[in-house]
Amino acid sequence: MGLEEEKIVRAAFRTIKGVGSQRLRLLIACFGSAVKAWEASASQYWPWENQEPWIREVEKARHFIEPKRIGDILNQQGFRMIIPEERDYPALLAELSAAPPLLYYQGQLRRDAEGLGIVGSRKATAYGKAVAKMLARDASEKGAVIISGLARGIDTAAHQGALEAGGITWAVLGCGLDMVYPKENKGLAEEIVKTGALITEYPPGSPPQAAHFPARNRLISGCSRGIVVVEAAERSGALITVDFALEQGREVFAVPGPIFSEASRGTHQLLRQGAKLVAGIEDICSELPVWTQYKGRLSQFRPAVHARTKECGDSKGEHESILGQLSDIPMHIDQIIMNSNKSSADISLALLELQLSGKVLQLPGQHYVLAREP
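The sequence shown runs 1 to 374 under UniProt numbering.
There is no bait here: all hints are sound.
Derived pair list, reagent style DSS-like, types lysine-lysine, alpha-carbon separation capped at 27 Å:
(1) K276 <-> K359
(2) K36 <-> K17
(3) K359 <-> K342
(4) K60 <-> K17
(5) K123 <-> K276
(6) K183 <-> K123
(7) K359 <-> K123
(8) K123 <-> K342
(9) K186 <-> K123
(10) K60 <-> K36
(11) K183 <-> K17
(12) K36 <-> K68
(13) K183 <-> K194
(14) K68 <-> K17
In short, the hints are calculated from the structure, not lab data. Treat the numbers as computed from the prediction; the structure is a model and nothing was measured.
Between the sequences and the hints, there should be enough to build the whole structure, so can you do that?
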């Protein structure tokens, strides 16, 4: 039995109703391999049939599913498979006691990838998106592979930050590779696979379902040395990723946000519970020394990058323009943008810089005021 045959048969099992990663692991453990399970006689399955109804689905499916045909279809679609026995299966994921027995991916995987998970709210604020991008850029410069879930908000910003830094990012999906979700991130997914990868436990044709996302979150933390939660409300799905990270022995980090922000209530709760506070990439490196060999300058909440510096020049004038507009009366970000000749992205980053320098406060609803002198 070769690894290619084993992969194809595992993929065949995954097309059967009721057979997910956990039950596929059970079959492999009981029979020694997926190939042996596929070739087993009906009598070898009989002891399970009354206790495990899904076994009947396996029995029926084996009569009409052709594993080789499934492998051919995946190849035609440009999708690849990998199992823990192969060299390029991510080492951090392989060390888990219940590593996924089969992954589908598009792009390139590396066994030695040092992943950093960056997750958070889909309904992210401008502050959260800017911080996620900044951390992803800085971590990418240190050689980290940025792991996230391709969702709207923080995930999207993290992937974009890694790509802007010329780094590698992996997007873990809760659906098949042929159903990129959300649809507006299709272009981002195409950029990711040029140097990184899209990864999923779900076969092509699997739609995004709520039940799939906890497994996706487990995969994100499994591929990572640590997880950074940038923004999360009290009941954010990002907190599920934290639970998995703790089970897997990963470091958990959280970014503080404005005390008025509903979007940061979950991260503030994590900090109260012992998560490591992140005020820049150096806080991550101090806990995860795998990246401390980087020779560049460590940043302290540095939203600007080389591309922005070239386009916008010195941000001093931008800051002065914003400060000249603000007072003790709250002003909405849209009004600030209208009064400026800069893009919304530039204004959001400038406001973040001013908040971090203590000159501006963000209030609920994306309103801003001048900070009071101490």
